[in-house]
Each structure stands twice: as C-alpha cells, then as structure tokens.
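Chemist: Each chain, letter by letter, is given below.
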Amino acid sequence: MQKGSNFRRSTLAFLVLAALAVQGCAATAHLKTKTLPADPEKRRIVVLTPDVELSILHAGGLQEPNVEWTELAKKHIAAHLTKKFKAGNIRMVKLEQKETEIGQDRRESQLRKLHQAVGHAVLFHQWEGHPLALPTKAGTFEWTMGPEIRYLKQKYGADFALFIFIRDSYASSGRAALIFFGALLGIGIPGGAQVGFASLVDLETGDVVWFNRLLRPEGDLRTTSGADETMKLLLADMPK
Amino acid sequence: MIVRNLLFVLSFCALIAACAADDLSAYKRGLDGPERTPKGEPGRGDFPFRIGDLAPAHKPDPKTTEAGIWLQVEKLERQIKTAGRRVQIPELNAYVESVSCRVAGPYCGDIRVYLMRSPGFNAGMYPNGMMHVWSGLLLRVSNEAQLAAVIGHEAGHYLRRHTMKRIRDILDKSNSLVFVQLVLAGAGIPVAGDVAMLMTLASISAFSRDSEREADGYSILLMAQAGYDPEEAWKIWEAITKEKEADKEFEAPSFFFASHPVSEERMEALKKLAKLVKKPRAVDTGRERFLKAIRPIRRHLLRDELHQRKFGPFNVLLDRLVEDGDNVAELHFFRGEMHRIRNQEGDLAKALEFYEKARTSPGRAPAEMWRSVGLAHLKLGHRTKARKAFDDYLRNNPNATDGKMIRQVIKGLEK
Amino acid sequence: MTDLRKSAPVVLILLLAGCVGFSLAKGGQRLNLGQGMSVQPAEDWNRWAVGKYEYWTLDGLNLQHILIVNGAEDGDRLTPSSLIGHRDDPKEAFPRFRKGMSLLEVRELYEATLAREKAQKVVVTEFAPAKFAGREGFRFSFTFQNEAGLDLLGTATGAIIKDRLYMLVYRGTKLYFYDRHKRAFEQILSSVKIS
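Chains as they are written, first to last, in the working numbering: chain A, 10 to 249; chain B, 244 to 658; chain C, 1252 to 1446.
Honestly, the hints are just simulated from the structure, not real lab data. Possibly wrong hints are sitting among the right ones.
Stated by the list, open to error - Chain A is nowhere near these chain C residues, computed Cβ spacing over 10 angstroms in every case:
| no. | residue |
| --- | --- |
| 1 | Ser1274 |
| 2 | Asp1295 |
| 3 | Val1375 |
| 4 | Gly1400 |
Claimed, not checked - Quick list of in silico lysine-lysine cross-link-like pairs, PhoX-like style, CA-CA up to 20 angstroms:
| no. | chain 1 | residue 1 | chain 2 | residue 2 |
| --- | --- | --- | --- | --- |
| 5 | C | Lys1382 | B | Lys647 |
| 6 | C | Lys1425 | C | Lys1350 |
| 7 | B | Lys654 | C | Lys1433 |
Where is the CB? At the ideal position from N, CA and C, for every residue including glycine.
Next up, chain A with everything else stripped away, as it sits in the complex (with noise of 0.2 angstroms):
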C-alpha cells in the first residue's frame, strides 16, 4: 500500500478523537429548536436504520462486535423509541426498505452520503473553544443539507428524519483483571465505553435541528432499563 495515502483522512479522525479526549464529554447536544410542530400532520418523524455495535473489549484493548448483543440493543432501542413518540405524539415512519435497496436510487444514495458527511463536518468542527471548531459559527448551531433533501421527504411521507449511531463496548473478564492489575500499579486503563450520536433534520429545509453526542465509560443497552437510561441521554433535548 502507498504510504499516506490514507493520511489526511487518518489526520481528521485523530482531531476528533483528540476533541473527544479534550472534551471528555458524556453528552453535549446542540439544538436549532425545542420544539416540533403543533400540527400534528407535520409531526412524522422516519428513523433510518440506527447504527449500532456492541462488542466485548478483549485485554489487548481489541474490539469484538457480538451479534447476539447487538440484536438485543436494536430491539431495546426500537422499544425504546416507540414508547418515546407515543407518548410525545409523534408519528414514526416505519421504513420498509432493505438497505441494499437504498444504492439502487442514486438521488436517495447521494442524499444519505450526504447526510453522512454533513454529520462527519458537525462531528468535526462543532467544538466550542477547540482548534477544530469555525470561528464563523461559534456561539451557533448552523448546520444544513440543503433544500434537495425533500425528495427523501416525498418518498418516506416524513417531516423529520432521526439518525442514530452507538458504539458500545463492555470489558472482557481479562479486560477487567488488567484493569484492576494496572491500578495496583497505579496505571489507570480504560475499560467499556459508550460512543454515539443522534441527529435530527427537518426534510424540508435540510436543516440539523438538533444533534447530541454522548461519551462516557458506562451505561449498558443489552437489558431494557439499561437502554432506556442510554437512549434517554441520548435523545434529550431532543425537540418535542
């Protein structure tokens, strides 16, 4: 392989892992409004298939993703997020679409890489008082996709869309063993540790109208409370 070739995008994924360090943040949202709609007509609201990974941290500070646990989490999350839109009178549209279906419309392809980098630059940039963050938009929360995005609004019958991403890791018993070696020897290692976020954008002006991260050394989504107690770190804020 060519040596840097990779560099520049390497380069950007260490800023934000080293804003994330500066930061050492368990929740940081940003919101553009508190509040949906009254109209209840325009308070649709289709969650993309959430991104989710749970896996064991093996002693060697290596990650394995465990199916068995990450199924769980999905259900817990969907539970979670019904339970969630009932009670605040928002509609969920359901998204009846494979994934693999998603590449064959190249309008919708283009919109979710889009979608993606959009939440790539927020990840990067938004972080007040960092060598990361724009001067232009300091003090604000100004993120958009544009305007095209309402095509995904016509095809899903939504106002709003919300996207989900968790990575959540749990210490291996020979994680946790090194764990208490090293603090015997004074050498603080990390164990599990919960790494997400969650936006919402209004398909009709492309807008991000809120957006949260979360980070933190705990939280569990593999039982129904420990999840609950995740999603509602993760979706407050979250307009209602």
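Since the structure of chain A is already known, use the hints to place chains B and C on it.
Modeler: Only chains B and C this time, still in chain A's reference frame:
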C-alpha cells in the same frame, strides 16, 4: 468513513486477508514445511491441498466471533457497492464475475468480486466472501488463467477461513501481550514494551505466511479443476518481482519480517504444485477473452499508474506489456508520456521518439497523443512543430474540453 | 493503519499546544497571506494555513473549501502532505510542480494530485484561459467522487508568475454546498492581488 475509521481502527486492521503483493514473504518457509490439510480430510494422493469441509452458503452461528466480524464486514460491503472506488463497467464486472464463478465452482454464490479502481497489484478477501480485486492487477496478469490464479488464491483464503484464524491469532497475542507490557511499564521500562510488540507482529506475520502458502495451493487446485493451465500461476510472480526491483523507493523488509528472495521461492513452490496437480484434459489460458475485456479500460489504468510517478516500475510494466503485444501503439504512447512527464535530460527527445513509434505501430494510441507531442515540442522550443501538433490535436478532437486553452497556446506560437 | 499509530501522539501534542487550528479571516479586510499574495473576502471565512497552502471553508472542509496555493516552487506539491505541519520529503514519488511547466501541464499535474488524494472518477469538463490576479492564467472545472462515492464539483484557477504557481481551487459537494458558496469564492478570487 472518518468516524468508522476512528472507531474501528483496531478491528478493521485485521479484517482483510493479507495478500499477494503485500506479502511476498509468504514463501519464506517454502513447500517443505509441515503439511496442512483441512480437518477431517487426510492427505491422500500427491497434492497437499484439498477443498475443506466448509459447505457452500456457510453462515456463522450468531454466538461466534465470526458472526461479529461478518456484521461489520457486511456493513462495509453495503458501502462498497456505491463507493467511489468501485469500478462500474457492466461488461467488465460481468467478465470478472464469470471467471470467479468458473474458479469457485460450487462456492460461486459465496464469493462476490468487487473490482476496485486503484493502481498497483493487489487483491483481498474478507471473511464473508467479499473479494476486492484492484484494477491495477488487470495490468499485471496477462491472461484469464493468471486472473483465475489470483481469484483462486483469494478463494483459498475464504475456504480455509484464514482471515478468521488471523483475527483470533491477533486477539490472543494482543491479549497476552498487554499483560507483558503492563508488567514492563510497572517496572519502568516502557521501551521494552515496543520490542514485545515487534515480536508479536513478527509471529503474526509468520502465521500469515503459512496462510499465503496454503492459499497458493488452493489456487493451483482450483485452476486445474476449472480447466485453466496451472503453469500460468508462477509467471505472475516473475513479472511482479521485476517491477518491485525497479522500485527504488520500495523499502527492504526488516530482518524481523522477511528476507529476499522470497518471491523466487514462491515461484518455485508454484511450479512444483503445478507439476503435482492432476491436470485437466484440455487446458486454457483464455488470453483473447481477457484482452477483449480489459481493452476498453486499459489506458485509464495505465494513466492511474503514471499518476504514481514511479517511473522505473512503470517502465518495467510497459516493457512486459509490449512483449505481450496487445495494442502496442497505446503502450508506446505511454512510454512517451513517462519520458515527457519525468522530463530529465534527454527525456523529451525520447518522448517524441516513442510518440512517433506509437503512430506507426499496430493498434491505436489515444487521440490526446497530439497534445502530448505538442507539449514536448513546446518544451524543446520547436515552435513550428508544436503548432502543427496542437493543430492536429484540435482536428482529431474537435470537441476537446481544453480546446480554448490549446487555441490560446497556438496563438502564442504564431507571434 | 500504521500512519494512524505513528501520527497520533504528534497530533495530540500539536493540538494541545494550540499550534494549529482555524482562524478567522475577517470580511471586508485585506489579508496578507505572505509571499506578496493578498485577498479581501467580503464575508467572514474560516482559514487553516499550513506552509504555502491554505484551506478556507464556511461549512466544513469535507462539504466545501477553497485551497490556496501560494507560490508553489520547483519540486513543490499542489497540496500539503498533511494538514498538521506540511513536511514533505522531496524524494518521495509524488506529482510535483516543476520550473518551466506550461499552464497545460498544470491541469495534468492537478489531475495526478487528485488521483493521489484518492479522488475517483475525475473528469475535467472545461479548460480555458482566464485572468488571475491581472495576469494571463487558466481555469478548469472538474467533477469527481470522494471515496464514499459522494459527487463533488471543483474549479481551479491560477497563473504562473516568476516560476511560481499561484492557484485557487474551489471544491464542494454537487448537492447544495458547491453552489451555496460559489459566489463567495468568485468574490475572493476577484480580490486576489500578487505583488
């Protein structure tokens, strides 16, 4: 991708089976190492490799590590389908798939080949059956049988679950290593931790050398079963070795990892295997089919290589293709391009010689050649000849996107 | 992957020491970029300078940006080798600007540079003479995809002055962002002065 990269740095490192060009060291141990035959199938006959006991359409049990890895790789595969690097030329994709199916036989449905636009010689196998073949590889195999050898090698990785073994190996070793590091760090010798890391990496590398050797065995077996001439496999390495040798920037591997001349050993091993394997009655190299499939894209792939600005290896590559003899005009054009862009002493004159050769050789050079001729003359101060070449360029490319720019240059030459 | 491991500590140290970062390019003020080049943006922009190169953006580097090449000399690349401290090894095989290059070759050089950045499916759509900072220069437009397969557009314009290449490249996603700030880019371009 950036976020994914960040989060999966560790796991993704291990996902792809180390392959071809990256692991010339695979043959360090030669063929005389311990015989490896799939479980439950004793080595019978003379050929040391068999198709394993893996049933077609295998899906891992969700409780396993393998299932977790598949989860990630399937996500990756969905992205690859619409990724920028994926080559989407229906005829070419269909051709590569047809070769893959012929090689993989009953496992055809399990292996999905993605042609990825990238210079250089490489291919890789993911544990779920997603195979990547770099477009640069199509310049470095000279017929269908050689392409089949590479695909067979990758299929071998899949059939023998090499990537999964490698991941388990890395997991085990990194787990034990971290305790060593902890103890050393506690004792105040953090540097020693790096030595331990190096040793671990070296043993993982040795592990993958064994896998490479085994995959080569499968490659020969699958080729023969599919009716390809297994003698074609070793020839790839002859060409690749020459190209590597011309690469002055290519770093010599450290004493820990391998030593030369591994690819010669690899070639010898492949020759031996080709003699051992039971040959099909009619063997086929499929040269015409192969050339027909890559002809429309070849000049773009050559341009990709030239963008690397590694002139030595590029020349070796061109030499081999000229020897092979398909559309030589195009190849002479690229020889000219190499000299013109390198632009060291005497290069411009050489470039012009090759452009002239391209004009008179069999085949067809791209229409942009006239522009290149003009540029070379321009740099040499041959104003009249430059002007004529640019005029020819515009005449041959009436809709050229750079027409306005060229006309401006011509105007300057008229003064 | 090894790059990641190698670069990590360096990046962290640089960041913590505050060596790099975006600064504000104030709208309405003439800004001296060094080497005799200056620009005057009409509105506020975010600016990241590294050696002879600058990245300017309004919405984020991956959505749209301007690359400013401020006087590349013989042997220089058209883009910095890294955003954090451009440290180039001149011996590394890479497309490089050469003294005596014609404007026609600059397009060729930029295309090769794009390829090395892993830009995919690059197509130059138009290449014509254009004024740049009052000099005879060039302008070409192109389309490409990033590695993820997102469509992007770009336009590059510049001139060679006293054997140095000065160039502005504006890039953005085909969906929305390229168009959104195209006028702001054209305004900056028209303000470029080179003394």
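Chemist: Would you mind marking each hint as holding or not holding in the structure?
Modeler: Outcome of the hint check:
1. Consistency note on C:Ser1274: stated as away from chain A, yet its beta-carbon is not over 10 angstroms from all of that chain's, at 7 angstroms minimum.
2. Not every CB of chain A is more than 10 angstroms from the CB of C:Asp1295 (nearest about 5 angstroms), against its label as outside the interface.
3. Taking the minimum C-beta to C-beta distance to chain A, about 21 angstroms, the non-interface status of C:Val1375 holds against the 10 angstroms cut.
4. For C:Gly1400, the non-interface assignment is contradicted: its Cβ lies about 6 angstroms from the closest Cβ of chain A, within the 10 angstroms cut-off.
5. At roughly 14 angstroms between alpha-carbon atoms, C:Lys1382 and B:Lys647 fall within 20 angstroms of each other, so this suggested pair holds.
6. Pair hint C:Lys1425 plus C:Lys1350 does not hold up; C-alpha atoms about 34 angstroms apart against a cutoff of 20 angstroms.
7. Of the supplied pair hints, the one linking B:Lys654 and C:Lys1433 is violated, its CA atoms being roughly 31 angstroms apart against a limit of 20 angstroms.
Of the numbered hints given earlier, the model fails hints 1, 2, 4, 6, 7; all others are met.
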